[in-house]
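Chemist: The residues making up each chain are set out below.
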Amino acid sequence: MTPENQPPMLQLLAPDGTYGVPKGYEAYGKIIEGLDQDFLKTLYTDMARIRRFDIEATALQRQGQLGLWVPAIGQEGAQIGSGHGVGKNDHIFPSYREHGVALTHGIELISILKMMRGVNHGGWDPEETRFHHYAIVLATQVLHAVGYAMGVKLDGKVGTGDRDKDLAVISYFGDGATAEGDVSEGLLFAAVNESPIVFFIQNNQWAISSHIDSQTKVPLYTRGEGFGVPGMRIDGNDVLACYAATRLHMDNARSGDGPFLLEALTYRIGAHTTSDDPSKYREEAEVDEWKAKDPIKRFEIFLRRQGIGDDFFEEVKVAGDDLAKKIRAETFALEDPPLENIFNHVYTEQHPEIDKQRAWLEAYEARMGDHE
Amino acid sequence: MTSSEPGSKPTKHAWVIMSSYKDMAISKALNAGLQQAMMKNEKVLMFGEDVAELGGVFRVTEGLYKEFGQSRIFNTPIAESGIVGTAIGLAMRGYRPVVEIQFDGFVFPAFNQITSQLAKLTYRSEGAMQMPVVIRIPYGGGIGAVEHHSESPEAYFAHTPGLRVVTPSNPNDAYWMMQQAIESSDPVIMLEPKRRYWQKGPVNLDTAPMPLHNARVMLEGTQVTLLAYGPMVTAALQAAEIGAEEGVSIEVIDLRSLSPIDYPTIMASVKKTSRAVIVHEAPTNVSLSSEIAARISNEAFYNLEAPVIRVGGFDTPYPPAKLEEAFLPDADRILEAIDRSLAY
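The listed protein sequences correspond, in order, to chains A and B.
Heads up: the first sequence begins at 1 in the working numbering, then just goes up one per residue.
Heads up: the second sequence begins at 1001 in the working numbering, then just goes up one per residue.
Same shape as in the complex, but just chain B:
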């Protein structure tokens, strides 16, 4: 891995020549990415619940109201369908709306506008209309929250033709993927790993690491491919570290994009290691891992030494916070799955 790629600490040497590295938390990197996008293009608008003076409940839009004013960033009534529906109208008028859904579990009132309208308008109009709308959703568990604040709804959106779905796992990706999502002419669901908002890391302020929809090999390994995204990338890297100590060589891939999925990167790795384990927080039934496992069995069937193993949330509603530790996959659960894979 080169020093310009995130997920790795820049070497001392890199700090000397790349003076524009900055350490940031993911939330701050998202904020800086939004600020860049709003500066570069005056058609970029930001709106949602409490995003203006307050800066959002997670402060991801902090300072933007002061810098850009009410005409560029504004609070809306607490009506998610209204937020997405008016974003569609604004996109029709030539704007590039970036809207915040306050929590994952609050996106469902907007589900109709997202899936039956936003996702389909370019198709319906045979390309006469583009829908450059970004929907930001803090998602996932692990913060001890009450019901509806810890969900992982990515499969609904990844299943919907017309949408693009991405999720950064580290500050550098947060900074760049936010800007790339806003530049996209297609609607993008930006899933922000809320329990990692405060996780810090280096951000290269000069150069985007890679296109929006590429997966990244975070850590090279030889024995098993571990696929993760969003908040689970941290857990995957922890598992790989423990695995390495125990003599297991784990290749960790951060999917980054959940629609489309970068299959060439996945297949190259699986063909090399012959084993795949997929991890996410969402319920495992009909999830991203279901699709990826099916695709691996199609495209790398003769390379596999073990069935694809999935580590996910249980097929239950998200449990009360005191039970979430047992619900959420972690490094131990991942390593247990890797042991099962290696046992074949």
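Bound-form chain A, shown alone:
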């Protein structure tokens, strides 16, 4: 595609770090212009932290400490920006690569590694953190998010004008997941119920080895139109655009405007997971092209132009290394779960078969233990 026929895209921060509000997007610019410097620094710090964490997690996987790692490098702008744009009562339904969004909502990063190590399947309280569990089966979480949003509306917590009471829901998924029927059904159910939800697609352009061109014939931000869900494309490597768009459209959803779809155009710099080898299906030149549009680098230029100096960036780097050390130590300290966890919480209420099998395994282990 030539630049002329590229779909319109909200970008506030160009890859060279230049800030500017395109015509027609003033409402988004206004949100950014109201931010104080501490908050801007937080956006940078969080992006840098999650990237450092990601690098450490990959290393831990390579050393056999994790069964799998799902890198999100390159997507920090989309995740940290949108994560911070979500309101204090809002609920988040992630896919499985939203480590940055998790960071912005108080999920302890070691919880994510526990899951990847095989200690549990997701060890945080989704009601308390408002960050629901990772969904491994693509797009399943989209319907849960819509159902949750339907419930929020039934509870009368949409459009009351009371910021302490109202809430909305955001569901994250990738370009690959848009092919799943659950996304279409989710868009439809949200539309007919006028649910308070934002669908946030991180279009990182690669569904494992399948390029976006083989996944859709129309830009993804238009995918909701036929269902009655309007959408827009934003620069997913522009943390400010991602923050402003998420905040504005979550505010709208909370106010009762119904569902909206955001497509954040970004790029998966790393592999799909640590089991993948992207050199088999894509050119290094393409990766380099996207590295030049790096979300952290461009935001650093922006901050430096705001007068933020070396001290801050040095501090962030040191803090990142400290985080990596801490995560490494925490991972090595992880204990295997007790055997009874095989059986716990299969059911909420008593279940005779599970009880019997638990008792059998306990007795078996005790018996075999005697022979050791």
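No lab work stands behind these hints: they were computed from the structure.
If you're wondering where the values come from, they're calculated on a predicted model, not measured in any experiment.
It is possible that some hints are incorrect.
Listed below are the simulated DSBU-like cross-link pairs for lysine-lysine, each with C-alpha atoms no more than 35 Å apart in a straight line [claimed, not checked]:
| id | chain 1 | residue 1 | chain 2 | residue 2 |
| --- | --- | --- | --- | --- |
| 1 | A | K41 | A | K326 |
| 2 | A | K280 | A | K217 |
| 3 | B | K1043 | A | K165 |
| 4 | B | K1040 | B | K1120 |
| 5 | A | K165 | B | K1066 |
| 6 | B | K1066 | A | K157 |
| 7 | A | K157 | B | K1120 |
| 8 | A | K165 | B | K1120 |
| 9 | B | K1066 | A | K356 |
| 10 | A | K217 | A | K325 |
| 11 | A | K88 | B | K1120 |
| 12 | B | K1040 | A | K88 |
| 13 | B | K1066 | A | K325 |
| 14 | A | K217 | A | K30 |
| 15 | B | K1271 | A | K157 |
| 16 | B | K1272 | A | K356 |
| 17 | B | K1043 | A | K88 |
| 18 | A | K157 | A | K41 |
| 19 | B | K1271 | A | K356 |
| 20 | B | K1272 | A | K157 |
| 21 | B | K1272 | A | K326 |
| 22 | B | K1043 | A | K356 |
Following the hints, put chain B in place on chain A, whose structure we already have.
Modeler: Same frame as chain A, now just chain B:
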């Protein structure tokens, strides 16, 4: 059997003291059970295809829309995965959704949400989330329907850890099991025997007969234990009646719950009779009867005088309606199996 237990006609005496008995068809009893649950707990929601104004294609939700309104019972787009997926989200929000899948053969678009999500979310969240969702499915054959309207998919769900699966065979159970399923904090697949929807019987409006997951001895006997559930309980009772005329004493057990299965009740009976015949409509290969037969051989091996015999649907897709009479087990096929068991 006491008069308060269903499957038996209340005695004249019982009618005098239990004034709250009412004769109802199974569909009406399910409807009344739903109505009770919606009245008792405002978090109970009902949704699915055509369940609102129309009351569902079998009218099981008839009148509920008028009584409770759009916020409690509503129609959905025709998208089964969407129905179950949003029910999960609503359960996360503290609701108790009861969803209708219009026919057994239409549940499969929702299979992923049921087996990989609904069944596993409590486990995944280490108990932080409960999934009090009821999925109602009219199931089974015998109504002369077109393809996909006569299936018995219970084994898929009974095989799935995290789900509970129940099926009433009579109006009293329909009324109470519906309410008990909705009260459960775990997801429950409620399989409704559609060809028995119009079968009438007494419903005790005051007292639940027994916990949701108990099996019931419908008819006591001494020579063979006949295990059935859902639509086949009627056929089993017919077989027992004919058997009795021919001098064969058949103990009929209605399993009621297919996950978990009430093994203590089954084993007590098999240890008494030394013979077991299991009947269902579903294809016999890797079915509920496969599991029950295996369990009987484990737990009552020395009591058995004959191998466990299974009477089920053939291992074929459900046939065109003009062939279903030959496909479906009936009293004669059950009695033929009982004869084989007794011949050992």
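Chemist: So, for every hint listed, does it hold in this structure?
Modeler: Each hint, compared with the structure:
Distance check on the hinted pair: K41 (chain A) and K326 (chain A) sit about 22 Å apart at the alpha-carbon level, within 35 Å; holds. Among the hinted pairs, K280 (chain A) with K217 (chain A) is consistent with the structure: their alpha-carbon atoms are about 24 Å apart, no more than 35 Å. This hinted pair checks out: K1043 (chain B) and K165 (chain A) have alpha carbons roughly 19 Å apart, not beyond 35 Å. A hinted pair counts as satisfied when its Cα atoms are at most 35 Å apart, and K1040 (chain B) with K1120 (chain B) qualifies at roughly 28 Å.
Proximity of K165 (chain A) to K1066 (chain B) is assessed by CA-CA distance (about 30 Å); at most 35 Å being required, the pair is judged to hold. For the proposed pair K1066 (chain B) and K157 (chain A), the alpha carbon gap of about 25 Å is at most 35 Å, so the pair holds. Distance restraint check for K157 (chain A) and K1120 (chain B): the Cα-Cα separation of roughly 28 Å lies within the 35 Å cut-off, and the hinted pair is therefore satisfied. The suggested pairing of K165 (chain A) with K1120 (chain B) holds, with an alpha-carbon distance near 31 Å, which does not exceed 35 Å.
Distance hint between K1066 (chain B) and K356 (chain A) is unfulfilled; the C-alpha atoms sit about 46 Å from each other, more than 35 Å. Taking the CA atoms of K217 (chain A) and K325 (chain A), the gap is near 45 Å; set against the 35 Å cutoff, the hint is violated. The hinted pair formed by K88 (chain A) and K1120 (chain B) meets the criterion: a straight-line CA distance of about 28 Å does not exceed 35 Å. Using a Cα cut-off of 35 Å, the hinted pair K1040 (chain B) and K88 (chain A) holds, with the two alpha carbons roughly 33 Å apart.
Straight-line distance between C-alpha atoms of K1066 (chain B) and K325 (chain A) comes to about 62 Å, which puts the hinted pair past the 35 Å bound. Distance check on the hinted pair: K217 (chain A) and K30 (chain A) sit about 34 Å apart at the alpha-carbon level, within 35 Å; holds. For the hint linking K1271 (chain B) to K157 (chain A), the alpha-carbon distance of about 58 Å lies beyond 35 Å, and the restraint is violated. Taken as a hint, the K1272 (chain B) and K356 (chain A) pair is honoured in the structure, with Cα atoms around 24 Å apart against an allowance of 35 Å.
For the proposed pair K1043 (chain B) and K88 (chain A), the alpha carbon gap of about 25 Å is at most 35 Å, so the pair holds. A threshold of 35 Å between alpha carbons decides the hint, and for K157 (chain A) with K41 (chain A) the separation of about 32 Å falls inside it, so the pair holds. Simply put, K1271 (chain B) and K356 (chain A) have alpha-carbon atoms about 20 Å apart, close enough for the 35 Å limit, and the pair holds. Pair hint K1272 (chain B) plus K157 (chain A) does not hold up; C-alpha atoms about 59 Å apart against a cutoff of 35 Å.
Note on K1272 (chain B) and K326 (chain A): the hinted pairing is violated, with a Cα-Cα distance of about 64 Å set against a maximum of 35 Å. With a CA separation close to 33 Å, the supplied pair K1043 (chain B) and K356 (chain A) stays within the 35 Å bound.
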